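Those protein sequences? They're chains A and B, same order as listed. Numbering of the first sequence is given in our numbering, commencing with residue 1 and proceeding in unit increments. Numbering of the second sequence is given in our numbering, commencing with residue 1 and proceeding in unit increments.
Certain hints may be false.
[Unchecked claim] List time: in silico DMTMM-like cross-link candidates among lysine to aspartate or glutamate, alpha-carbon distance up to 20 Å:
{"hint": "1", "chain 1": "A", "residue 1": "Lys-57", "chain 2": "B", "residue 2": "Asp-191"}
{"hint": "2", "chain 1": "A", "residue 1": "Lys-207", "chain 2": "A", "residue 2": "Asp-21"}
{"hint": "3", "chain 1": "B", "residue 1": "Lys-57", "chain 2": "A", "residue 2": "Glu-8"}
{"hint": "4", "chain 1": "B", "residue 1": "Lys-27", "chain 2": "A", "residue 2": "Glu-8"}
{"hint": "5", "chain 1": "B", "residue 1": "Lys-57", "chain 2": "A", "residue 2": "Glu-217"}
{"hint": "6", "chain 1": "B", "residue 1": "Lys-218", "chain 2": "B", "residue 2": "Glu-134"}
{"hint": "7", "chain 1": "B", "residue 1": "Lys-27", "chain 2": "A", "residue 2": "Asp-42"}
{"hint": "8", "chain 1": "A", "residue 1": "Lys-27", "chain 2": "A", "residue 2": "Glu-217"}
{"hint": "9", "chain 1": "B", "residue 1": "Lys-57", "chain 2": "A", "residue 2": "Glu-104"}
{"hint": "10", "chain 1": "B", "residue 1": "Lys-27", "chain 2": "B", "residue 2": "Glu-53"}
{"hint": "11", "chain 1": "A", "residue 1": "Lys-57", "chain 2": "B", "residue 2": "Asp-54"}
{"hint": "12", "chain 1": "A", "residue 1": "Lys-27", "chain 2": "B", "residue 2": "Asp-42"}
{"hint": "13", "chain 1": "A", "residue 1": "Lys-218", "chain 2": "A", "residue 2": "Glu-260"}
{"hint": "14", "chain 1": "A", "residue 1": "Lys-57", "chain 2": "B", "residue 2": "Asp-86"}
{"hint": "15", "chain 1": "A", "residue 1": "Lys-218", "chain 2": "A", "residue 2": "Glu-234"}
{"hint": "16", "chain 1": "B", "residue 1": "Lys-27", "chain 2": "B", "residue 2": "Glu-234"}
{"hint": "17", "chain 1": "B", "residue 1": "Lys-57", "chain 2": "A", "residue 2": "Asp-42"}
{"hint": "18", "chain 1": "B", "residue 1": "Lys-57", "chain 2": "B", "residue 2": "Asp-21"}
{"hint": "19", "chain 1": "B", "residue 1": "Lys-207", "chain 2": "B", "residue 2": "Asp-171"}
{"hint": "20", "chain 1": "B", "residue 1": "Lys-57", "chain 2": "A", "residue 2": "Asp-54"}
{"hint": "21", "chain 1": "B", "residue 1": "Lys-218", "chain 2": "B", "residue 2": "Asp-191"}
[Said to hold, decoys possible] Simulated coverage check for chain A against chain B, where a stretch passes if three residues somewhere in it have a Cβ under 8 Å from a Cβ of chain B:
{"hint": "22", "region": "20–31"}
{"hint": "23", "region": "51–65"}
{"hint": "24", "region": "152–162"}
Keep in mind the hints are simulated off the structure, nothing from the lab. All values derive from a computational prediction rather than experimental measurement. Even glycine gets a Cβ: it sits at the ideal position worked out from N, Cα and C.
The residues making up each chain are set out below.
2 protein chains.
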Amino acid sequence: METLLMRELTGQTRVLGILADPIAQVKAPQLINRIAAERGVDAVMVPFHVSAEDLPKLVAGLHVLQSFDGAIVTVPHKTSMIAHCDHLSDRAAAVGAVNVIRREADGRLFGDALDGIGFLAGLRASGIEVAGREIYLAGAGGAANAIAFALAESGARGLTIANRTRSKANDLVSRLMAHFPLLPVRIGTRDPSGHDIIVNGTSLGMKPDDSLPLDVEKLASSMVVCEVVMEPEETALLAAARRQGCRIHLGTPMLMNQVELMADFFRVR
Amino acid sequence: METLLMRELTGQTRVLGILADPIAQVKAPQLINRIAAERGVDAVMVPFHVSAEDLPKLVAGLHVLQSFDGAIVTVPHKTSMIAHCDHLSDRAAAVGAVNVIRREADGRLFGDALDGIGFLAGLRASGIEVAGREIYLAGAGGAANAIAFALAESGARGLTIANRTRSKANDLVSRLMAHFPLLPVRIGTRDPSGHDIIVNGTSLGMKPDDSLPLDVEKLASSMVVCEVVMEPEETALLAAARRQGCRIHLGTPMLMNQVELMADFFRVR
Chain A
1 METLLMRELT GQTRVLGILA DPIAQVKAPQ LINRIAAERG VDAVMVPFHV
51 SAEDLPKLVA GLHVLQSFDG AIVTVPHKTS MIAHCDHLSD RAAAVGAVNV
101 IRREADGRLF GDALDGIGFL AGLRASGIEV AGREIYLAGA GGAANAIAFA
151 LAESGARGLT IANRTRSKAN DLVSRLMAHF PLLPVRIGTR DPSGHDIIVN
201 GTSLGMKPDD SLPLDVEKLA SSMVVCEVVM EPEETALLAA ARRQGCRIHL
251 GTPMLMNQVE LMADFFRVR
Chain B
1 METLLMRELT GQTRVLGILA DPIAQVKAPQ LINRIAAERG VDAVMVPFHV
51 SAEDLPKLVA GLHVLQSFDG AIVTVPHKTS MIAHCDHLSD RAAAVGAVNV
101 IRREADGRLF GDALDGIGFL AGLRASGIEV AGREIYLAGA GGAANAIAFA
151 LAESGARGLT IANRTRSKAN DLVSRLMAHF PLLPVRIGTR DPSGHDIIVN
201 GTSLGMKPDD SLPLDVEKLA SSMVVCEVVM EPEETALLAA ARRQGCRIHL
251 GTPMLMNQVE LMADFFRVR
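With the rest of the complex left out, here is chain A (with noise of 0.2 Å):
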């Protein structure tokens, strides 16, 4: 048990969530509060656990809650979560997903989409270049959405989105060749041959009977294998490449990279 040096919650501290199915294994709430506390502001993040069945009567309660700001949203929210946003990043909208959303003072909620320059930064941080390479992207789900577009934006040579709902992988690529008309994007199989960087953008690895999210032993040591999953943090899929010979990036960079622009959009400065 960690324990922290906090500012006592009262009638006026601002609330924040983190909107999640698993929940357990967040790590936001950890780093949202460190932040707050560090910057002398009064919110504190909470644990928001919903199905996503239940997911538009939580929201209609959140609407109508004057002492939340705003939350984080995760799997398996970020994609329905759109429909019940007020307006829209040009981002967001570009991506059809949302990682995060602030409640507005009239109660309207505005969602944002994070994840993919956090994701990108992380790379960046870790000193893996993106422009110039052929990408692998497993998932076309509100994570994997989010990265897709963000990797399409800095300047990658191709992209290859390879999802087990075929229907969705079609959407997310005609969306990318709309956006981006001179970028070659195709759709994959579960064989990440030819490829520079391999991404896992999938909720897959999460839990220890998770199916791989592509074929690994067609992985090679040229290549830089990345996850979006943060707990575990060595996934089944990392485990496999690290044998290959890869070079492995976490899943948590993406979040660490993230958490200051996320206090930001929340008003916590």
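Keeping the supplied structure of chain A fixed, place chain B upon it in accordance with the hints.
Relative to the frame of chain A, chain B by itself:
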């Protein structure tokens, strides 16, 4: 600003709330969070500021919030919350108001009323005896209902209920007479003459421009004058009572004597 060495909040922290409007003045988060820290329980209470009009939407959201364990319910929600509870304690059903709700694992909300017990425990701790005394109670809302039933159970000789809205006073008196057929219960005016213990059970006194809950010129020095309002600590009523030479009893003991009961109710143990 008070600081506190708190357990760091995580995705596994259980969330408690306090439902109120206004909310800035509430003191329960500080008290409950200290108890959670002392007991080593991973739970935190945060302010849930919601208007009377918006309460149904927020409660529908709390029904599906799996990390939520319960809330304190205070002004102006104590009576209206009854309709949103799936089951009630006998005490809360008799009183017609709740001041705590607990979320069961299946999402059902259970309501109880601990304020009457808390008020009496506060009187007892100050050595103020209720048995055999004539009592004047201003108010017929949630807190006043809870206090009236607790006073009736504690051997008061007689009980006078005075409320601006006469129909609410009539309703409370009828319910008291049904539960305590041998106790003299009457409707009163703004004049507290002829009573031993005077209780303000309304929220009048919270705001600087509130009118007084009763006619303070009729207070006599033999009377004990008690508040439920906690902020300001000395309300205009108590100041007037002090000037008349009365013994006064603050609003805070009612909460202080309740918080351990509330923590138990929320399973902070």
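Quick rundown of the hints versus the structure:
1. Annotation: proposed proximity of A/Lys-57 to B/Asp-191 is violated, straight-line Cα distance about 48 Å (limit 20 Å).
2. Between A/Lys-207 and A/Asp-21, the direct Cα distance comes to roughly 12 Å. Compliance with the 20 Å bound is thereby established for this hinted pair.
3. For the hint linking B/Lys-57 to A/Glu-8, the alpha-carbon distance of about 28 Å lies beyond 20 Å, and the restraint is violated.
4. Simply put, B/Lys-27 and A/Glu-8 have alpha-carbon atoms about 11 Å apart, close enough for the 20 Å limit, and the pair holds.
5. Proposed proximity of B/Lys-57 and A/Glu-217 is contradicted: the alpha carbons are some 51 Å apart, above 20 Å.
6. Taking the CA atoms of B/Lys-218 and B/Glu-134, the gap is about 15 Å. The hint holds against a cut of 20 Å.
7. Using a Cα cut-off of 20 Å, the hinted pair B/Lys-27 and A/Asp-42 holds, with the two alpha carbons roughly 15 Å apart.
8. Proposed proximity of A/Lys-27 and A/Glu-217 is contradicted: the alpha carbons are some 31 Å apart, above 20 Å.
9. Taken as a hint, the B/Lys-57 and A/Glu-104 pair is honoured in the structure, with Cα atoms around 17 Å apart against an allowance of 20 Å.
10. Between B/Lys-27 and B/Glu-53 the alpha-carbon distance is near 23 Å, which puts this suggested pair outside the 20 Å criterion.
11. A hinted pair counts as satisfied when its Cα atoms are at most 20 Å apart, and A/Lys-57 with B/Asp-54 qualifies at roughly 13 Å.
12. Pair hint A/Lys-27 plus B/Asp-42 holds up; C-alpha atoms about 15 Å apart against a cutoff of 20 Å.
13. Between A/Lys-218 and A/Glu-260, the direct Cα distance comes to roughly 37 Å. Violation of the 20 Å bound is thereby established for this hinted pair.
14. For the suggested pair A/Lys-57 and B/Asp-86, the alpha carbons sit about 17 Å apart, so the restraint of at most 20 Å is met.
15. For a cut-off of 20 Å, the pair hint linking A/Lys-218 to A/Glu-234 stands: about 19 Å separates their Cα positions.
16. A C-alpha spacing of about 15 Å is found between B/Lys-27 and B/Glu-234, which places the hinted pair at or below 20 Å, so the restraint holds.
17. For a cut-off of 20 Å, the pair hint linking B/Lys-57 to A/Asp-42 is broken: about 26 Å separates their Cα positions.
18. Proximity of B/Lys-57 to B/Asp-21 is assessed by CA-CA distance (about 15 Å); at most 20 Å being required, the pair is judged to hold.
19. For the given pair, B/Lys-207 sits about 27 Å from B/Asp-171 by alpha-carbon distance, which is inconsistent with the 20 Å threshold.
20. Distance restraint check for B/Lys-57 and A/Asp-54: the Cα-Cα separation of roughly 13 Å lies within the 20 Å cut-off, and the hinted pair is therefore satisfied.
21. Taking the CA atoms of B/Lys-218 and B/Asp-191, the gap is about 6 Å. The hint holds against a cut of 20 Å.
22. Chain B is given as covering the region 20–31 of chain A, and this holds because 9 residues of the stretch bring a CB closer than 8 Å to a CB of that chain, at least three being needed.
23. Evaluation of the coverage hint for the region 51–65 of chain A: fulfilled, as 11 residues show C-beta separations to chain B shorter than 8 Å, against a requirement of three.
24. Only residues whose C-beta sits within less than 8 Å of a C-beta in chain B count toward coverage, and the region 152–162 of chain A has 0 of them, not enough to reach three; the restraint is violated.
When held up to the earlier numbered hints, the structure conflicts with 1, 3, 5, 8, 10, 13, 17, 19 and 24 and fits the remainder.
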